[in-house]
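**Student:** Each chain, written out:
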Amino acid sequence: MNAKTYLKSKLLWPLILLPLAFLVNLSLGSVYIPFGSILSGLFTDYPLEESWLFIVNDYRIPKATTAILVGGGLSVSGLLMQTLFRNPLAGPFVLGISSGASLGVAFLVLGSGLITGLSASVLTGPWAMVLASAGGSFLVLLAVVGAANKIKDPMTLLIIGLMFGSLTGAVVSVLSYFSRAEALQRFIFWSFGGLGHLSWTGILILLFCCLLGLILAIRGIKVMNAMLLGPGYAASLGVSVKQSTLLIVLSTSVLAGGITAFAGPIAFVGLAVPHLVRQIIRTPDHRIMVPASFLWGSIIMLLCDAVSQIPFSALTLPINAVTSILGAPVVIWILIKKKNLMF
Amino acid sequence: MLNVENLTIGYLSDRGQKNILADRVNFSIGQNQLTAIIGPNGAGKSTLLNTLAGQLSPLDGSISLLGHSFKNLTPSQRAKLLAIVLTKKEYSDHLSVREFVELGRFPYTNWLGKINAADQQIITRAIKATQLDSLMDQKCGMLSDGQRQRVSIARALAQDTAFILLDEPTTHLDLAHKAQTVMLLKNLSKQHNKGVIFSTHDISMALKMADNIICVTPGHVITGTPDQLTDSGVIAELFDSNVVQFDPSSRQFSILD
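So the protein sequences, as listed, match chains A and B.
FYI, the working numbering numbers position 241 of the first sequence as 1546, with every residue one higher than the one before it.
FYI, the working numbering numbers position 255 of the second sequence as 242, with every residue one higher than the one before it.
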């Protein structure tokens, strides 16, 4: 078997598993709906119970679709960060990008309450949320990249990312202190993260963000492969390091920013999934890593969401808690297995 | 031909001040030749090499490659004329030798970096010249220093350029691997018709193997054949004669007691 078919076969598994995970995700939830009924409801005209139909069509399918976009998009953005910073611990959450997005949203949600005269519905519509969130993450990312140009040590860079995180956190608390109760409540609910509250319009906007981010990421595949050689070699091959950095930063902020606007700051997916994929695929080639990260990220997000529903009970955990409980051990495992600390 | 005319090398400080290491540097190097850049620490070997590689702008003067002025070349045009081999290890350990060498084709491949049959042929030739056949599927992180050096050279060969610049390719290597590497470079210049320029601390080796020597001393850059530089006493004056002494007949330095 030659190397290319071998690598393509690596994409086959996630392509099979993704629809399965999708179905599993659909069949689990606080209301018990038999798996067979869901299948027949999806693929035949067999009449489903009215309430089931509503639950599946108007709640579970949008939620599962959101999970696919959120998980895939965050994983790709984490992969881009790890390549750009040549650092295995980089990810949208760690580098303060999610905090930047939070800051953007906080300004919008909490700040709009302070400005009178402007229509609150315009300011808090889904597009405004996306713009604020992506704008915030873009600015923080630019600041981190700026710092990265001066500071070569990756560990220092991570600490700077963390500092940006606490800085934006502080600004958010100042904003919260001065804002009205309803606005604050909305912001806090947003910050818990969640996949289940999106309308189809929201999903379309999210899809647009993910597509845009992915197109930029795919456009950057060749350059990112050259970046695996390090900045010196990349420049000698004719890569404009500045331009490519901007391309990757744009892609990441559209992905992570757009997703965070809708689903809230979701931890660890962006950091952990590319590492899991590297264990399976064993090549850093972005032609494989980008699609594989997206597929596996979607699968993992669907499963995390299924777990968060606590099957067969009416309880639901915040999705952020589930991804952290699953993601944090992965990061610890990477740190302990230092030999494999690769980007 | 690599032509250097009236070049001033150095770097700009943070405040925009010029720190000149050497000026009025003139030399030309043909393909087919092995050229060593030697000189004491801090005199500007790396600065000269980085300037030739296009990673550092010259403070003054001009460099031209096969008749193209450096200033008028886009980075991707330059990448087809000049390849570099770095000593600093900044690449991903996760890359396999095959992937590492394939990335040398970067300036020629399509937007996704697809390797076609013609690319494959050049890669195979590079692999053969560096005797890496058995290591193709190894991860770069698992290689010894000597193997790593050969992989880096193979990548530069795959880039299929008229000139290859190497930054101290023999550091970290033991004597046998040093000799092997320099012999490989000599072989590349003669049989693959490449202009090979490398910086080195090993002056005796450079005098023995290189066709040309570029000697970077504080303030001056002197170019010539090994014989010329030995006979004119340039080599003997490189280091403080109270510490080390040069013996022109054996072309070796010895430490004074």
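Hints in this document: simulated from the structure, not taken from any laboratory.
Be careful, since some hints might not be right.
As the list claims (entries may be wrong) - No more than 27 angstroms apart at the CA atoms, straight line, and that leaves these computed lysine-lysine pairs for DSSO-like:
1. B:K115 - B:K173
2. B:K76 - A:K1455
3. B:K177 - B:K165
4. B:K195 - B:K126
5. A:K1313 - A:K1455
6. B:K58 - A:K1315
7. A:K1455 - B:K5
8. B:K67 - A:K1313
9. A:K1547 - B:K165
10. B:K173 - B:K101
11. B:K195 - B:K165
12. B:K101 - A:K1547
13. B:K67 - A:K1547
14. B:K195 - B:K177
15. B:K58 - B:K165
16. B:K165 - B:K126
17. A:K1455 - B:K75
18. B:K115 - B:K177
19. B:K165 - B:K115
20. B:K101 - B:K126
21. B:K177 - B:K126
22. B:K115 - A:K1547
23. B:K195 - B:K67
24. A:K1315 - B:K75
25. A:K1547 - B:K76
26. B:K101 - B:K115
27. B:K173 - B:K195
28. A:K1642 - B:K115
29. B:K67 - B:K5
30. A:K1547 - B:K75
31. B:K75 - B:K115
32. B:K173 - A:K1642
33. B:K115 - B:K58
34. B:K5 - B:K115
35. A:K1642 - B:K75
36. B:K101 - B:K165
37. A:K1313 - B:K126
38. A:K1547 - A:K1315
**Student:** State for each hint whether it applies.
**Tutor:** Each hint tested on the structure:
1. B:K115 - B:K173: holds, 16 angstroms
2. B:K76 - A:K1455: holds, 19 angstroms
3. B:K177 - B:K165: holds, 19 angstroms
4. B:K195 - B:K126: Violated. K195 (chain B) to K126 (chain B) sits at ~34 angstroms, over the 27 angstroms cutoff.
5. A:K1313 - A:K1455: violated, 39 angstroms
6. B:K58 - A:K1315: violated, 45 angstroms
7. A:K1455 - B:K5: Given pair K1455 (chain A), K5 (chain B) holds - Cα atoms ~20 angstroms apart, limit 27 angstroms.
8. B:K67 - A:K1313: Outside the cut-off at roughly 31 angstroms; violated.
9. A:K1547 - B:K165: violated, 36 angstroms
10. B:K173 - B:K101: violated, 31 angstroms
11. B:K195 - B:K165: Distance ~13 angstroms between K195 (chain B) and K165 (chain B) Cα, so the pair holds.
12. B:K101 - A:K1547: Answer holds: K101 (chain B) to K1547 (chain A) is near 24 angstroms, not above 27 angstroms.
13. B:K67 - A:K1547: holds, 20 angstroms
14. B:K195 - B:K177: Distance of about 16 angstroms is within 27 angstroms: holds.
15. B:K58 - B:K165: violated, 35 angstroms
16. B:K165 - B:K126: It holds: about 23 angstroms lies between the C-alpha atoms, which stays within 27 angstroms.
17. A:K1455 - B:K75: holds, 18 angstroms
18. B:K115 - B:K177: holds, 16 angstroms
19. B:K165 - B:K115: Satisfied, since the Cα-Cα distance of roughly 19 angstroms is no more than 27 angstroms.
20. B:K101 - B:K126: At roughly 21 angstroms apart (the allowed maximum being 27 angstroms), K126 (chain B) and K101 (chain B) satisfy the hint.
21. B:K177 - B:K126: Violated: K177 (chain B) and K126 (chain B) sit about 31 angstroms apart, past 27 angstroms.
22. B:K115 - A:K1547: violated, 35 angstroms
23. B:K195 - B:K67: violated, 30 angstroms
24. A:K1315 - B:K75: violated, 33 angstroms
25. A:K1547 - B:K76: OK: K1547 (chain A) and K76 (chain B) at ~21 angstroms, within 27 angstroms.
26. B:K101 - B:K115: holds, 21 angstroms
27. B:K173 - B:K195: holds, 11 angstroms
28. A:K1642 - B:K115: violated, 35 angstroms
29. B:K67 - B:K5: violated, 31 angstroms
30. A:K1547 - B:K75: The hint holds at about 21 angstroms.
31. B:K75 - B:K115: Within the cut-off at roughly 24 angstroms; holds.
32. B:K173 - A:K1642: violated, 42 angstroms
33. B:K115 - B:K58: violated, 35 angstroms
34. B:K5 - B:K115: Violated, at about 45 angstroms.
35. A:K1642 - B:K75: holds, 24 angstroms
36. B:K101 - B:K165: violated, 35 angstroms
37. A:K1313 - B:K126: Holds, at roughly 20 angstroms.
38. A:K1547 - A:K1315: Outside the cut-off at roughly 33 angstroms; violated.
When held up to the earlier numbered hints, the structure conflicts with 4, 5, 6, 8, 9, 10, 15, 21, 22, 23, 24, 28, 29, 32, 33, 34, 36 and 38 and fits the remainder.
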